[in-house]
Amino acid sequence: MAISSSLKVLLLLPVLIYAQSCDYSGKTYSHLDTFFHQNGCAKLQCQKGSILPVYEACGRDLDGACHLVRSQFLYNGAYYRCLGRIVKNLPVYYTEPLPLNIPPNCTAEGTVYKSWDKFTRSDGCRIYQCQSGLMPVLSPEACDKKLDGKCNYVNAWVLSNSKVYKCEKQVVSGKPVYSYTLINPQPVQSSTCTANNKRLTFLQKTDNTDNCGISQCQDEKLVPLSEVCRSPQDGKCYPLDSQWKVGDKIYGCVKNTDGSYEIKVIPPSYKSCTLDNKTYDHTQTVTIGCSISQCQSSKFVRIYAACQDGQGICRPLNSIWTEGSNRFQCTEKAGWGLTVDRVIGDEIIPVCANPGKDVIFVIDNSGSIGATNFEKVKTFIARLTLRFFIGTNASKSEFQFGAISFSGAVIKEFDLNTYTDSTQLYNAIQAIPFRAGGTYTDLAFDYIINYNLFSKGRTVAPDIALLITDGISTVPAKTQVSAKRVRDIKVQILALGVGANINTVELNGVTNNSSDVYNIADFASFKQIEDRLSQKVCTA
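Residues -19 to -1, 1 to 521 (mature numbering (1 follows the signal peptide of the UniProt record, and there is no 0)) make up the sequence shown, in order.
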């Protein structure tokens, strides 16, 4: 594929300049001054009194590194992406988890297997596993039954017709080939071994408790026939190269360079990209001229754009510089002296322009949700806040958000007036821990009243409590009474039910208005409701 076909031409245009200063983060900058974004990674430039991004990147909050907007990166066994948007003419950058791709199936001897399925083939002696389209043989590998009618592990000695053979594995043209070889010279068949204070006879196999595998007595030595990992959590044995899925993460048994075995998180599998007959792995970057593109699941995505000036220096998109008596701007838009008009990041997020409101998220943190799904809940809530201006002036469409979470008890995560910055609010929501417990929704509504949470808001702003839950409350009757207490102080309750265990009748009672109740099928369906729910909050 050719990257250049997906890139717009970057034009160097002379621009007419009127010097005006810019105020940012408590400091004043002169026209054409370049300075860091408050996240310490992105760079901005003052241009005619306006602030434009000239180097777009997310901060170091997640892994201590800066990441370009639209780029994807691996952290703690999962992929994340850096996104950005404009809020009140200023850029805001944030990271979010990349949804797991659906791994391809495998086909063996006419049968289709899903990823992580284990199966045998017609030889019946080896166990295979489907892993994102690949089918590795799991340990212990084995030779077929043609020698003695039994499957025999690789490296095992086998007695047949009074002679000893060895099962061996060779790789021919990239494929494993298994065969028996006559041992020469023949070993002494009366030799013995000792394992765990027990005497083993010649060719006897035993469970190897230290390595969680199988060994065989060969010529007075114990020889391991299988390579496996023992899980420190549950003590189970997992064959070398096997993989399994827990929540949103994939784990695998791997062999380290020092010969030790270890269970590690396996990064999700994504397709590679091809450019000029060269293959690039997922998230690998390539530089073409002054621009940088990244391989993202078979496609190159431009994550950094720049123009080359007359001296051969790369100038970032949006930047203005001087050459001799002329000034130039790197822009994507053809026209004399036009400012750059483009979207930061890879998505356009509509922002509410109605008068601001005070919104408290009432977040179900009970055990039925689970830690993995709770991460999805937090990401949904955090993304929802990006659709609103954050601040204290309700007349200028500025919203304030607070949050409480509930299970067996209620925890105040932050007040309505705690955050006036979009990035800080986004990160605070993502930092809420999973706690588990019962679904005591009534306690959450009581907490709002007993601790007068909306007093931290503004008298001129309407009040909204947004409940997000996955099931019936533990004490339904109390929930209805407590919800009415909240409605009685002129708070509008909105409810989002997730999954099949939701009782819509209960949520209708909580809101006292069926049009204020929303439902989605599961925790993977938040995208389907994002537009409707944010519009409801905007216009409520």
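A portion of the hints provided could be inaccurate.
Said to hold, decoys possible - Here are the simulated EDC-like pairs of lysine to aspartate or glutamate, each with C-alpha atoms no more than 16 Å apart in a straight line: (1) Lys131 - Glu149; (2) Lys245 - Asp215; (3) Lys437 - Asp396; (4) Lys69 - Asp4; (5) Lys186 - Glu201; (6) Lys357 - Asp229; (7) Lys186 - Asp200; (8) Lys517 - Asp503; (9) Lys99 - Asp222; (10) Lys471 - Asp497; (11) Lys150 - Glu208; (12) Lys217 - Glu243; (13) Lys24 - Asp14; (14) Lys245 - Asp222; (15) Lys465 - Glu511; (16) Lys459 - Asp427; (17) Lys29 - Asp14.
As the list claims (entries may be wrong) - Restraint-style ranges between C-beta atoms, simulated for each label pair: (18) Cys218 - Arg513: 44 to 54 Å; (19) Thr173 - Lys144: 16 to 26 Å; (20) Asn374 - Asp14: 25 to 35 Å; (21) Asn374 - Tyr56: 44 to 54 Å; (22) Asn493 - Asn374: 28 to 38 Å; (23) Gly418 - Lys236: 32 to 42 Å; (24) Ala481 - Thr88: 31 to 41 Å; (25) Tyr261 - Ser141: 49 to 59 Å.
Derived from the structure by calculation, the hints contain no laboratory data. Virtual Cβ for every residue (Gly too), placed ideally from N, Cα, C.
Hint by hint, here is what the structure shows:
no.	hint	verdict
1	Lys131 - Glu149	holds, 15 Å
2	Lys245 - Asp215	holds, 15 Å
3	Lys437 - Asp396	holds, 7 Å
4	Lys69 - Asp4	holds, 13 Å
5	Lys186 - Glu201	holds, 13 Å
6	Lys357 - Asp229	holds, 10 Å
7	Lys186 - Asp200	holds, 13 Å
8	Lys517 - Asp503	violated, 20 Å
9	Lys99 - Asp222	holds, 12 Å
10	Lys471 - Asp497	holds, 15 Å
11	Lys150 - Glu208	holds, 14 Å
12	Lys217 - Glu243	holds, 13 Å
13	Lys24 - Asp14	holds, 10 Å
14	Lys245 - Asp222	holds, 11 Å
15	Lys465 - Glu511	violated, 26 Å
16	Lys459 - Asp427	holds, 10 Å
17	Lys29 - Asp14	holds, 11 Å
18	Cys218 - Arg513: 44 to 54 Å	holds, 49 Å
19	Thr173 - Lys144: 16 to 26 Å	holds, 20 Å
20	Asn374 - Asp14: 25 to 35 Å	holds, 28 Å
21	Asn374 - Tyr56: 44 to 54 Å	violated, 36 Å
22	Asn493 - Asn374: 28 to 38 Å	holds, 30 Å
23	Gly418 - Lys236: 32 to 42 Å	holds, 41 Å
24	Ala481 - Thr88: 31 to 41 Å	holds, 33 Å
25	Tyr261 - Ser141: 49 to 59 Å	holds, 50 Å
Violation of the numbered hints given earlier is confined to hints 8, 15 and 21; the remaining hints are satisfied by the structure.
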